[in-house]
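**Q** Listed below are the residues making up each chain.
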Amino acid sequence: MHKFANPARFIRLSDLLLPWLMAVTVILLTGGLYMVFFASPDDYQQGATVRIMYVHVPAAYMAMLGYSVMAVASASSLIWKHPLADQIARAAAPIGAAFTLIALITGSLWGRPMWGTWWVWDARLTSVLILLFLYLGYMALWEAIEDPIKAAKACAILALVGFVNVPIIKFSVDWWNTLHQPASLFKMGGSSIHPEMLWPLLLMIGAFKAYFFVILLWRVKTLLIGRKIRALRMAQLGDN
Amino acid sequence: MTAFFSIILRDCRLSWRQGASSGMSVAFFIIVVSLFPLGIGPEANILSRVSVGVIWVAALLACLLSLDRLFQADYEDGSLDQLVLSVMPLEMTVLAKSIAHWMTTALPLIVIAPLLSVFMNMPAEGMWPLLSAMLIGTPGLSFIGSIGAGLTLSLRRGGVLLSLLVLPLYIPFLIFGVMAVDAAIGGFEPAPHLMILGAFTLTSMVLAPWAAAAALRLGLE
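Note that the protein sequences, when read in sequence, are chains A and B.
Using the working numbering, you'd call the opening residue of the first sequence number 1 and step up by one each time.
Using the working numbering, you'd call the opening residue of the second sequence number 241 and step up by one each time.
In short, the hints are calculated from the structure, not lab data.
Check the hints yourself; a few may be wrong.
[As the list claims (entries may be wrong)] Label pairs and their calculated CB-CB ranges:
| hint | chain 1 | residue 1 | chain 2 | residue 2 | range |
| --- | --- | --- | --- | --- | --- |
| 1 | A | 146 | B | 318 | 18 to 28 Å |
| 2 | A | 227 | B | 318 | 53 to 63 Å |
| 3 | A | 108 | B | 322 | 31 to 41 Å |
| 4 | A | 149 | B | 435 | 15 to 25 Å |
| 5 | B | 347 | A | 222 | 43 to 53 Å |
| 6 | A | 5 | B | 461 | 57 to 67 Å |
| 7 | A | 232 | B | 316 | 36 to 46 Å |
| 8 | A | 44 | B | 279 | 40 to 50 Å |
| 9 | A | 149 | B | 321 | 34 to 44 Å |
| 10 | B | 318 | A | 232 | 51 to 61 Å |
| 11 | B | 435 | A | 8 | 51 to 61 Å |
| 12 | B | 447 | A | 8 | 51 to 61 Å |
Idealized CB from N, CA, C, for every residue including glycine.
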């Protein structure tokens, strides 16, 4: 892994990967959106509102993926002192927070016609809201500590502490009797979704995931360049 | 082990001789709870419905606001450096200091809670569950709080940030603490909720000192 620790090498590699990832995102998203709007059936109960699910579910997955990426990167930064891991964790946080917000908002929009309420305090919704708070606290801690090396370490500790919430989100629908429906996509004994709805959903999940990594690479690159600019400025000030 | 207990004793003694610190948490607790009847209105049935939640939230905030006492004074006068250098692992020091924090902050709150529950017109059958839930749950607040206190130790504007870091992690304690009491008031068995609360506290007791010690080492670098 330390082969990619060199920022210049990482930027070269990400420049190589980014166009391909973007192409994958565009293809999956166009295919997915076409299927969502034109080639998937209405639900027999929910009608067309079922289409909100094709945004809601992928966004919720990315919310958890974002935190998992953050936690894994934080762990590898603390354990192996991998210099890029901090930047990856830092870059993942706002993306994950944005997807968490999207999942909450789309869920709320769906809940209004279906459950008759914008919001209920059941275990799944509450734990996802906590996830959003954890993201916000993490980002605030990054901003609060001026020394970037110290900030990275402190944030890594915080990210690992907050990771306890992720399994709670995943299993909240099994452990408690929630209004939110239990898992139907990835579960023991195969998915319980009809293929006509499963395919657009899988395409959208793929598109969201590719998009997530496009933005992640982009943000890491920006952070690295920003760091370089700061170092150059400081060197320039030192010369004068 | 003597070092462990002497830290607990030292912190308790310090807090006792300063006098004001524990008393201020209790006063804060009472004032926050008494704000609610004024804000919501004095109808007895509404107050009794929200009483448990209000008492728990006020206790949470009282614990949160006293967290800066955990390491701040020792950090400023340099004794924290000595504690880090001592033979006892820093994790144990953190555990001892968290226990002392609980004894000086949360324990007085638990003593005063019955009075406030009468204030708030809480049904009497909720009294013992409330006390046991607070007794079981509040140590976890001190343990988890030590992480936040460690992370914000060397920051100038740590206060608001501390609440942003710690409060999301306090939410499970609040939920199960209130559910235990509500179950008892509604005629159900509070024990399962109390057991989950106990599990939270025990888990945080094992894990939080590690994270807090790592944060402290970082803050002292």
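**Q** Look at each hint and say if it fits the structure.
**A** Each hint tested on the structure:
no.: 1; hint: A:146 with B:318: 18 to 28 Å; result: holds, 22 Å
no.: 2; hint: A:227 with B:318: 53 to 63 Å; result: violated, 33 Å
no.: 3; hint: A:108 with B:322: 31 to 41 Å; result: violated, 52 Å
no.: 4; hint: A:149 with B:435: 15 to 25 Å; result: violated, 42 Å
no.: 5; hint: B:347 with A:222: 43 to 53 Å; result: holds, 50 Å
no.: 6; hint: A:5 with B:461: 57 to 67 Å; result: violated, 22 Å
no.: 7; hint: A:232 with B:316: 36 to 46 Å; result: holds, 37 Å
no.: 8; hint: A:44 with B:279: 40 to 50 Å; result: holds, 47 Å
no.: 9; hint: A:149 with B:321: 34 to 44 Å; result: violated, 20 Å
no.: 10; hint: B:318 with A:232: 51 to 61 Å; result: violated, 38 Å
no.: 11; hint: B:435 with A:8: 51 to 61 Å; result: holds, 55 Å
no.: 12; hint: B:447 with A:8: 51 to 61 Å; result: violated, 38 Å
Figure legend: structure checked against the earlier numbered hints; hints not met, in rising order: 2, 3, 4, 6, 9, 10, 12.
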